[in-house]
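Input sequences plus hints: build the corresponding full structure.
Protein sequence lines, in the order shown, are assigned to chains A and B. Counting the first sequence from 1 gives a position; the numbering used here is that position plus 7. Counting the second sequence from 1 gives a position; the numbering used here is that position plus 5.
One should not assume that every hint holds.
[Unchecked claim] Below, in silico cross-link-like pairs of lysine to any residue (SDA-like), each with a Cα-Cα straight-line distance of 20 angstroms or less:
no., chain 1, residue 1, chain 2, residue 2
1, B, K166, B, D177
2, B, K378, B, H318
3, B, K417, A, D183
4, B, K417, A, D94
5, A, K155, B, V458
6, B, K417, A, H92
7, B, K417, A, A131
8, B, K417, A, Y128
[As the list claims (entries may be wrong)] What the simulated footprint calls covered on chain A by chain B, stretch by stretch (three residues with Cβ under 8 angstroms from a Cβ of chain B suffice, anywhere in the stretch; the number is not a length):
no., segment
9, 89 to 96
10, 111 to 117
11, 262 to 272
Hints listed in this document are in silico derivations from the structure and should not be mistaken for laboratory results. Even for Gly, the Cβ is constructed at its ideal location relative to N, Cα and C.
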Amino acid sequence: MNLFRTLIEKRIWEAGIDKLGIKGQFGGEAMGEVALLEINGLRTSIDDTDILHGINLKIMPGEIHAVMGRNGSGKSTTANVLMGHPDYEVTDGTIYLDGKDLLEMEAHERARSGIFLSFQYPQAVPGLQVGNFLRRSVAAVRGEEAAKGAEFRSTLKEGMNRLGLDRSFLSRYVNDGFSGGEKKRFEILQMMLLKPRLAILDETDSGLDIDGIRTVAEGIDAAIRGTTSGALIITHYNRILEHVKPDYVHVLINGRIVKSGGPELASELEERGYDWLEGDAE
Amino acid sequence: MTDEARSAVGDYKVGWHDPENATIRFDFGLSEQVVRDISALKNEPEWMTEIRVKAFHHFENRPMPTWGNMHLLEEIDFDKVCYYLRSSDATEKNWDDVPEDIRNTFDRLGIPEAEQKWLSGVTAQYESEAVYHSIREDLEEQGVIFLDMDSGLREYEGIVKEYFGSVIPYTDNKFSALNTAVWSGGSFIYVPSGVHVEMPVQAYFRINAKNMGQFERTLIIADEGSSIHYVEGCTAPTYSTDSLHSAVVELIALPGAHIRYSTVQNWSNNVYNLVTKRGVAYDNATIEWVDGNIGSKLTMKYPAVILKGEGAHAEVISVAYSGEGQHQDAGAKIHHLASNTTSKILSKSISKDGGRGSYRGMVTVSPKAENCKVNVVCDALLLDEDSRSDTYPTMEVGNSGARCEHEASVSKVSDDQLFYLMSRGHTEEEALALIVNGFFEPFTRELPMEYAVELNQLMALEMEGSIG
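This is the structure we're talking about:
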């Protein structure tokens, strides 16, 4: 059924039928399909400071969206709130993944439901070996069987090759003494193995050189394109979006999405900066 | 001595190894007569009786240590301790008397029922006797002597007399005096020159109930160029109604020998675990203590190495886990008496639910010892605000050519670390266990595989219910 839907989706897309304005702020709902992610009126605060002031966003299966904005605009907050960071309080609004209420779930339950967050600052866990961690995480998210078979081993090998990670990487400790680039590649490797429904990539391009960005972009493409999963790329540069072309781009200013558009919006932001949109945020 | 015990003394001559025949249990409390009775019951040579008696008087006169957790030490009531319990008593305990939480822990560690019962002191594990004998036969072929300490004294009195108390005299501290006065059980091992015992010698302690005791005494002698890895204890909780455990372990590594002594102990939380462990390393010999302390009410344990010969090397790797109401006061002592000696101390402690972990270490380098190297690292991990960690490092360096390094760190589990792991599908408890086991990993990787696996499982169990 999902495959069928995806095919229809693809046809519609290829035929150039934009889903603009059918329903929701941007991004469409074709054929009455259930959205992969649906955020409505999301307001959050941390330590009594309001950060998000009513976010609406809908991602359909197979879509890649980008959220762009300056530092402090609420981008990382959006990522953390979706994953369920306990420090953020959701004061209003709803979040649904495949029709399931995410706000009812703790972070590990969201992971098991298919949310993946590639962290801006991945945490080190000294003494926990990468190989062991990957196996346990795949078992936790996708079940014991998924962590045992040949498929796990081949995905792992393929992912490591693609990302240029050496075999010895598996016996290192999770993010302990990793370079910035190694941390980001390791996040993408985890994404490839966990096969999420929705991958959220928080500033995955920062700290990467141009080769690193290309490698990581290919990894995202390989994991999401042609599947019914989706991705939400959070960034303040256009760089990564040149390699992973998003279907939709949203601009976040002061905790609100002030503009949405196609991939051309990213290029426009690159040229004009954010100032011309400031007024819309008031 | 009770009448019952007296009649059992008669039985002894018939057969000490018949565990079902008699029960000998001395009344509570200690006196010179009790010490003499223990020695008589074991039919010991006169010199051992005399050492025991001297040690008893030293114990009586020696004040409590004036350092460490004096508050908890003062709570020990020596009159309420039973100083001699013939091991066959253990078989008379009832499995139903073992607290349910401990029985559950056995189950969840995946330890088979028979072994559970043995470990909790309910029964001797006859099924494993065959295993024990085959290990012993292999060792015997190599000329290795491997006996319980009582048998060692009977069969190899000369060697025992030469080395017993040579590393840890009864005058060393109050608890070594107590142990010398009333010791029972423990292991006696002699590895002949040039013999390498390939397998870690470990099954012994897991299957031989005789060795489990409150006051065990262990003596290991590795002759020139030999090597042995000895493993003591078990990760499963050692349920004990006895509240005082005070062992003495002496290691002698003759020139070029290598002794590694690994311990994982998990006492029930009513137990005082006050142990003296020390080894002497001669020229180019190595002694390694791998020491894991979980549970107990108060543990005071500082495995020590005297580097007596040139080029000798010492390592002490220890971990301590203190939970609610527990204080692990552990560390290491190294004395560099000879030139070109090297030592390495790695101490890791985790405190949780108000538990307290203390690292207490002492390293000395004598003025005559040239070109020595010392490396000390101690790390503490606190799991909540109520827990406590202290570090008491002492270094006395008498030779300016010594190279000494000391690093200490205290860290806390951060919310961001937990969130990161939870975002990969792990519950908060699982995430905490991954962090804790990672922290212990430098220790765990030194253990034989089955102990490492059990220790990881145990820490995962300890983390359960810890998230409020």
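Status of the hints after comparison with the structure:
Of the pairs offered as hints, the one joining K166 (chain B) and D177 (chain B) holds, with about 18 angstroms between alpha carbons and a cut-off of 20 angstroms not exceeded. For the hint linking K378 (chain B) to H318 (chain B), the alpha-carbon distance of about 10 angstroms falls within 20 angstroms, and the restraint holds. Of the supplied pair hints, the one linking K417 (chain B) and D183 (chain A) holds, its CA atoms being roughly 16 angstroms apart against a limit of 20 angstroms. A hinted pair counts as satisfied when its Cα atoms are at most 20 angstroms apart, and K417 (chain B) with D94 (chain A) qualifies at roughly 17 angstroms.
Between K155 (chain A) and V458 (chain B) the CA atoms are separated by roughly 18 angstroms; this keeps the pair inside 20 angstroms, and the hint holds. A hinted pair counts as satisfied when its Cα atoms are at most 20 angstroms apart, and K417 (chain B) with H92 (chain A) qualifies at roughly 18 angstroms. Between K417 (chain B) and A131 (chain A) the alpha-carbon distance is near 13 angstroms, which keeps this suggested pair within the 20 angstroms criterion. Straight-line distance between C-alpha atoms of K417 (chain B) and Y128 (chain A) comes to about 18 angstroms, which keeps the hinted pair within the 20 angstroms bound.
Counting residues of the segment 89 to 96 of chain A whose C-beta sits closer than 8 angstroms to any C-beta of chain B gives 5, which meets the bar of three, so the coverage hint holds. For the segment 111 to 117 of chain A, the proposed coverage by chain B is satisfied: 4 residues have a C-beta within less than 8 angstroms of a C-beta in that chain, meeting the threshold of three. For the segment 262 to 272 of chain A, the stated coverage by chain B is violated: 0 residues have a C-beta nearer than 8 angstroms to a C-beta of that chain, whereas at least 3 were required.
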